[in-house]
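Asks: So the chains spell out like this:
Number of protein chains: 2
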Amino acid sequence: MYSTAFVGHHLNRVAVMGGTHGNELSGVYLVKHWLQDPSELQRRTFTATPFLANPKATERCIRYVNQDLNRSFKKSFLTSKGTQDDLYEVRRAQEINQLFGPRDSADAFDFIFDLHNTTSNMAACLIVDSEKSVFTMHMCHHIQKHIQGPCPIYLLGWPEQEKFALLSVAKNGLGLELGPQPHGVLRADVLSHMKALVACGLDFIDLFNQGTSFPAFDTVAYKVIEPMDFPRSPDGEILGFVHPQLQDKDFLPLKPGDPIFQLFSGEEIFYKGDATIYPAFINEAAYYKKGVAFFKLEKCTFSIPPLEASATSAP
Amino acid sequence: MYSTAFVGHHLNRVAVMGGTHGNELSGVYLVKHWLQDPSELQRRTFTATPFLANPKATERCIRYVNQDLNRSFKKSFLTSKGTQDDLYEVRRAQEINQLFGPRDSADAFDFIFDLHNTTSNMAACLIVDSEKSVFTMHMCHHIQKHIQGPCPIYLLGWPEQEKFALLSVAKNGLGLELGPQPHGVLRADVLSHMKALVACGLDFIDLFNQGTSFPAFDTVAYKVIEPMDFPRSPDGEILGFVHPQLQDKDFLPLKPGDPIFQLFSGEEIFYKGDATIYPAFINEAAYYKKGVAFFKLEKCTFSIPPLEASATSAP
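Here the protein sequences come in this chain order: A and B.
Position one of the first sequence corresponds to residue 1 (our numbering), numbered consecutively onward.
Position one of the second sequence corresponds to residue 1 (our numbering), numbered consecutively onward.
Hints are computed from structural coordinates only; laboratory data are not their basis.
Treat the hints with caution; some may be incorrect.
[Stated by the list, open to error] With a straight-line Cα cutoff of 16 Å, these simulated EDC-like cross-link-like pairs (lysine to aspartate or glutamate) come out:
hint: 1; chain 1: B; residue 1: LYS32; chain 2: A; residue 2: ASP235
hint: 2; chain 1: B; residue 1: LYS56; chain 2: A; residue 2: GLU237
hint: 3; chain 1: A; residue 1: LYS32; chain 2: B; residue 2: ASP235
hint: 4; chain 1: B; residue 1: LYS74; chain 2: B; residue 2: ASP129
hint: 5; chain 1: B; residue 1: LYS272; chain 2: B; residue 2: ASP258
hint: 6; chain 1: A; residue 1: LYS249; chain 2: B; residue 2: ASP189
hint: 7; chain 1: B; residue 1: LYS249; chain 2: A; residue 2: ASP189
hint: 8; chain 1: B; residue 1: LYS32; chain 2: A; residue 2: GLU237
hint: 9; chain 1: A; residue 1: LYS56; chain 2: B; residue 2: GLU237
hint: 10; chain 1: B; residue 1: LYS289; chain 2: B; residue 2: ASP68
hint: 11; chain 1: B; residue 1: LYS145; chain 2: B; residue 2: ASP203
hint: 12; chain 1: B; residue 1: LYS75; chain 2: B; residue 2: ASP104
hint: 13; chain 1: A; residue 1: LYS145; chain 2: A; residue 2: ASP203
hint: 14; chain 1: B; residue 1: LYS290; chain 2: A; residue 2: GLU59
hint: 15; chain 1: A; residue 1: LYS32; chain 2: B; residue 2: GLU237
hint: 16; chain 1: B; residue 1: LYS299; chain 2: B; residue 2: GLU226
hint: 17; chain 1: A; residue 1: LYS290; chain 2: B; residue 2: GLU59
hint: 18; chain 1: A; residue 1: LYS272; chain 2: A; residue 2: GLU226
hint: 19; chain 1: B; residue 1: LYS289; chain 2: A; residue 2: GLU59
hint: 20; chain 1: B; residue 1: LYS75; chain 2: B; residue 2: GLU162
hint: 21; chain 1: A; residue 1: LYS289; chain 2: B; residue 2: GLU59
For reference, chain A alone in the conformation it holds in the complex:
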């Protein structure tokens, strides 16, 4: 256990991003609604700013125009000039970094919520950079206590990997990844669940800003190991599909020898790893192109230190 508390500063500037992927409609339409009527984002100690991250992709109801915006926050893109600027999402990432960052600067927003959907059966997945983001891990814990249904924590980072996601622009951030929902479809149940999750996250910030202290806790989270691709032919064509026994089983244990794919010929493919893993993003539509049938995750337990508010405001 950690012995000393993590001391955080009052959060003044919070943003809620929708349409980072233009065909993930829960966030798109919540943000459009909040741009008209932001009352649901108002709290006593701050007000969150709604923002449509990729309006051109949103208008066309596609994931992105030139490249995935949520992979466009690598340093090389944020600092690029010239030809890469011709890519819409590179320019947009730079704009977002100016408006809500600059990343790693004192001027950066205190917190970003980034709203996503997936075709995978991920429930209300909470995406966090790392378990070392103590403030966000406390927010996840608060959400898990107050929201009905599973809210698994998904830890993005390969530790050495360069930051690539929109979330990384702010000092802290939380991705909400709700599914299953087909891209291009707005389901009432998913929409209301996402609205409740954002409200709960905003409430947590408000409690913290009011001086509430949060005790230490132990928590389970799932850490990305690596992606697993579909079986493919030498020219990249998929040769099979997610096994019916694996479909919809996100965050459930997958043991060595369990079936993972079925080929069009009928043959079954079994998981060959050495240890039990926990798959997520199983059969996500947007990941066929990226060479990902699912991500392999390990289930970890972390001890999170207490969280206390600083007596002073953020530097």
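Dock chain B against chain A, hints included.
Replies: Only chain B this time, still in chain A's reference frame:
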């Protein structure tokens, strides 16, 4: 009841179309598989031809390139020359009409299966031009008797409407519309169900070709009345979404006064019609653009005459 039997001719040429919409993956990958190994399509009295209808859209995993191929079989498109030929799907419709038609000619294929998916909860929906297509109605009846789970019959035609769909190229045709499945995703359960439905349809043709007679029957089918759009602002933006009580309730009765939409403001919208209708294609992703939140259907009962094979082959 009809008193006289409908006499049909031996079917020699049958096609199975996948990828009419390039992101509806059950048909895309079944057809790709059958192009490699057509053994599942072979029957004693004929062999079906697999065909990838929109390869350019399939390659990009999008519904269509320039316009919806399954709306490109209107006479004006099939006979157009010049600028309309610049549209990929117009050219493709003309090619398909040459290969599998020409429509309304003696040279046309005897039967086309056209394989589709939907994000709506349509189960294994059987799409038929009209209840007057006696041969196809018998095939549907055969499928309903041999396939587990609901296989509702959806009748396309406004009677006066000009033929627009790929199916219309052949002498007879059946659309399979399986869902829910997100576009761009291949689910094992939906794939195996579609494979079983096609096999059952082919078996029916084989039985018929072997001289089997099929008795008269009464059947329920759902006939399209008209589309119902989302509530929209004057500039076309949707103002709400399918009501949670209507979502996934395809082919179930919707009564006057039942809720159909919920606005982002929270307000509910109720169905104002005079009579009970049966909605289908509720919340289909591709129909947002087409101004369709669902189609209104009426539930009808039809008496279908007996079906007998002619002693002679098709003219």
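Asks: Now tell me if each hint is right for this structure.
Replies: Hint-by-hint comparison with the structure:
1. Restraint check for B/LYS32 and A/ASP235: the C-alpha separation of about 14 Å stays at or below 16 Å, so the hint holds.
2. Using a Cα cut-off of 16 Å, the hinted pair B/LYS56 and A/GLU237 holds, with the two alpha carbons roughly 15 Å apart.
3. Pair hint A/LYS32 plus B/ASP235 holds up; C-alpha atoms about 14 Å apart against a cutoff of 16 Å.
4. Distance hint between B/LYS74 and B/ASP129 is fulfilled; the C-alpha atoms sit about 14 Å from each other, no more than 16 Å.
5. Between B/LYS272 and B/ASP258, the direct Cα distance comes to roughly 8 Å. Compliance with the 16 Å bound is thereby established for this hinted pair.
6. For the given pair, A/LYS249 sits about 14 Å from B/ASP189 by alpha-carbon distance, which is consistent with the 16 Å threshold.
7. The straight-line distance between the Cα atoms of B/LYS249 and A/ASP189 is roughly 14 Å, inside the 16 Å bound, and the hint therefore holds.
8. Restraint check for B/LYS32 and A/GLU237: satisfied, since their Cα atoms lie roughly 10 Å apart, inside the 16 Å limit.
9. A hinted pair counts as satisfied when its Cα atoms are at most 16 Å apart, and A/LYS56 with B/GLU237 qualifies at roughly 15 Å.
10. Proximity of B/LYS289 to B/ASP68 is assessed by CA-CA distance (about 12 Å); at most 16 Å being required, the pair is judged to hold.
11. With a C-alpha separation of about 13 Å, the suggested pairing of B/LYS145 with B/ASP203 holds against the 16 Å cut-off.
12. Taking the CA atoms of B/LYS75 and B/ASP104, the gap is near 11 Å; set against the 16 Å cutoff, the hint holds.
13. Restraint check for A/LYS145 and A/ASP203: the C-alpha separation of about 13 Å stays at or below 16 Å, so the hint holds.
14. Simply put, B/LYS290 and A/GLU59 have alpha-carbon atoms about 15 Å apart, close enough for the 16 Å limit, and the pair holds.
15. Simply put, A/LYS32 and B/GLU237 have alpha-carbon atoms about 10 Å apart, close enough for the 16 Å limit, and the pair holds.
16. Restraint check for B/LYS299 and B/GLU226: satisfied, since their Cα atoms lie roughly 13 Å apart, inside the 16 Å limit.
17. Taken as a hint, the A/LYS290 and B/GLU59 pair is honoured in the structure, with Cα atoms around 15 Å apart against an allowance of 16 Å.
18. Distance hint between A/LYS272 and A/GLU226 is fulfilled; the C-alpha atoms sit about 14 Å from each other, no more than 16 Å.
19. Proximity of B/LYS289 to A/GLU59 is assessed by CA-CA distance (about 11 Å); at most 16 Å being required, the pair is judged to hold.
20. At roughly 8 Å between alpha-carbon atoms, B/LYS75 and B/GLU162 fall within 16 Å of each other, so this suggested pair holds.
21. Among the hinted pairs, A/LYS289 with B/GLU59 is consistent with the structure: their alpha-carbon atoms are about 11 Å apart, no more than 16 Å.
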